[in-house]
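Asks: What follows is the residue order along each chain.
There are 2 protein chains.
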Amino acid sequence: MTQFHSINAVTGEPQGEPFAVHGPADVAALCAAADEAFDAYRAISNEARATFLETIADEILALGDDLIVAAMSESGLPRARLEGERGRTMGQLRLFASVVRAGAWQGIRIDPALPDRAPLPRPDLRLRMIPVGPVAVFGASNFPLAFSTAGGDTASALAAGCPVVVKGHPAHPITGGLVASAIAKAVAACGLPAGVFGHLTGPSNELGAALVQDPRITAVGFTGSRAGGLALAALAAARPVPVPVYAELSAINPVLLLPEALKARGAALGTGFAGSLTMGAGQFCTNPGLLLAIEGEGLDAFVEAAKAGVAAAPAQTMLTKGICEAYRKGTALLAEQEGVEVLAAGESGEGSQGGAVFFQTTAAAFLANPNLGHEVFGASSILVRCADAAELAAVLKGLEGQLTATLHMDDADEALAASVLPILERKVGRILANGWPTGVEVCHAMVHGGPFPATTDPRGTSVGSMAIDRFLRPVCYQNLSDNLLPAALRDSARGDGAPRLIDGVLTL
Amino acid sequence: MTQFHSINAVTGEPQGEPFAVHGPADVAALCAAADEAFDAYRAISNEARATFLETIADEILALGDDLIVAAMSESGLPRARLEGERGRTMGQLRLFASVVRAGAWQGIRIDPALPDRAPLPRPDLRLRMIPVGPVAVFGASNFPLAFSTAGGDTASALAAGCPVVVKGHPAHPITGGLVASAIAKAVAACGLPAGVFGHLTGPSNELGAALVQDPRITAVGFTGSRAGGLALAALAAARPVPVPVYAELSAINPVLLLPEALKARGAALGTGFAGSLTMGAGQFCTNPGLLLAIEGEGLDAFVEAAKAGVAAAPAQTMLTKGICEAYRKGTALLAEQEGVEVLAAGESGEGSQGGAVFFQTTAAAFLANPNLGHEVFGASSILVRCADAAELAAVLKGLEGQLTATLHMDDADEALAASVLPILERKVGRILANGWPTGVEVCHAMVHGGPFPATTDPRGTSVGSMAIDRFLRPVCYQNLSDNLLPAALRDSARGDGAPRLIDGVLTL
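Residue numbers (UniProt numbering), protein chains in the order written: chain B, 1 to 508; chain S, 1 to 508.
In short, the hints are calculated from the structure, not lab data.
Incorrect hints may appear among the rest.
Identical copies carry no separate label here, and so any pair may be met within one copy or between two of them.
To be verified - When the alpha-carbon atoms are kept at most 25 Å apart in a straight line, the in silico SDA-like pairs for lysine to any residue are as follows:
id	residue 1	residue 2
1	Lys397	Asp39
2	Lys397	Pro486
3	Lys397	Ala238
Build out the structure end to end from the sequences listed, making use of the hints.
Replies: Next up, the structure:
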């Protein structure tokens, strides 16, 4: 196969011009170009790099409605959602521009020489973070803009000073191609080497494998299936020079319905849950796939309202036929499990449309069967009814790592909430109260990450400004002359706005 | 085997009382205790944790001369070196106490709610770093105090709030046992759960494997052989829940002798080199195992002085018989390689004594044979003679990752130095000018780390205050009430001295 087509998510039919199926030679060429461009790219000023990121945002906007129309046809997602996602994509790039300008990303530390120290003098030691090198990015299918070609991984890697080679998601090649063309325009407009950004297309796993194994790739960003991410992580670990893989794999995002909150507003919570579950056909990494409640007043009202909401939910076109098939298989399998009951199902639809399914089970059944804790990507969720707080804690302790945990609670639930918080902190990247996990704010304090298998590396986040840290590593300069020191580490650079840890004291 | 003995490094004879050979049941018991202790330990105040670290330092000093005598007999290292190393060990603990008190390790970020933002309000988002969980530490043989039981990895993990389970190095069980008893005393004196620190003894690799595979271990610190570290990293990557391994594996630490410096002081550099090479029988991770020079004035003078220094070096007792045997085998193998010449050898000694060996080869031979770039642990070093700057750059580009690179240079060498700096930055963790790499300052700006195989994770350092970051991960709290928020994230905690990134603005 040398070519492949975009598939219309609604009709399932091929559309538009064919795309090249790239192979190992293309991977090698783009990675070589990225490696070649690295030193020049990382040497430009913070201002120039920030401007580049902003130029990408501008060029994405300049693609106009063609981009939205393409993304709608390839993803089945509605216009309003994709326009919002475009704004988010541009916002991310601009956030990283501001982060690059602020300079804290350099992590400057200076321990000045102590020539008179006894018994030995201290040399002059200065540290800064540098970019790791060319980064491979695998776009996600469920955010064709914000988590794909110019998404969070690409934006944070470029912000760090790393050239990026994207393997475009085969579910949206037209969208990805348009965005790649916008980035290439920005590269040219900013006078950067073309190798700063590379874009590979093709539907095969071999292409991704070749990219991760290329010796010039120094880190990998991935959002997608657990099987796919684990395969890439294994390849990366087995390289002669292993590299980190920041893969977001799976999560069911437990939502705890605490007793007083249930008592006060069980029905409203049920309606809110159904809305969060079915939004975007449930195709969010932070979809509330697990509900936990202690038997008591308000739980029945929650269930009734949730059932009504789910039953009334229209079927929605899913991102791809493959995702829809996996969703149907996953929900069918869940329905067959011992002790699992289907409480409600939405309109099931046809073709690649998926309908919401709402299950319930007991804590005992959940604890006995690991299958009940696996993600079914889509609008599937299971309520686990716990006899008491001890059983609730046992279920939490048995969970795999998650992106989020949610507490629905009233003031009177505080003691119970406080008792489960330490468990949750060890399981998740974000803990939220009285909301739904499906909105992920792009800001400085966001953590979109978490213990395995939520991600393969809980030390980072893939959303928010801290994402840049994944693509940096420290270098120390000892007794280098001013002429040789990187500009930001010279004494003359003080006052440039970047914070510095000088002799252990943080200085602005 | 249920017991093993300490071996006197000089005589090779067993000494003292036997030690238990721990097995899987001991690993499970200590890891369970560490896991059990984790929540209590991470919940204590910064002040209490800092005091605990200082108490460990005090208790190590309180061991008195017994500790120094034990370490001398087990390592063959001289008194002055071990007294210095004890001071360094205590200094590290105190440095981390100051880091814990300063509070920046928490990485606090606060994005306050924006209830009136359109189209959607922003929730209140607060981030802090939390410790990852129980950490396994493998002590190094070459620093029986500063890189072993209470060494840098242990100190930084405890500082982060992680319980530690140490696999004591079998080359110094008496020393390790004494230090472990000092830590246990500090644990008790500070009223902490005993599981905060565990100590395993035994000579087998199986013990280490069981420790890395224990499901309660969340990260691993290791300093030792490339084969050993890679084996542990492979086990860690293959776990059902993979965990990071911070392993320091191997380095030959290139030293560049730039032309003008050679011209000005070739002989003095040769003498200085021999001193750095032979210090501590060359048993430093940062030992200068590779010299790079361009043919020209002063190189012969360097070689003659280095030869004289190496030839005059007395044989020194190495840390273990095994290390000495590997050193002899490694130097013999190097001497046999095509194009390699032995320039000088020190006194060879007997038993487990090792003598320095100084080799030379051409850039062409070095580039053609990867064996020439492998570490031989001990006082072995090879001079690579380059025809010109292009050949020097080619040799640098072909190197594996390293802990350090050193530039011996004069002002007139600056252009050449500037041209190789970008290459060095991509290869090493620390670049130094006009010194020798064998002194590693414990401070804030130190990086003792570097690209693979110098370490398995170049994003961290194992020396200096930044080492704490390896054992932390971020958690975000969204819309949590003040009562539930961790104390440091509450508005009322402002002014506690910890820096905060508030709405993207760093605030002291």
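Asks: Against which earlier hints does the structure fall short, listed by number upward?
Replies: Violated hints: none at all, because every hint is consistent with the structure.
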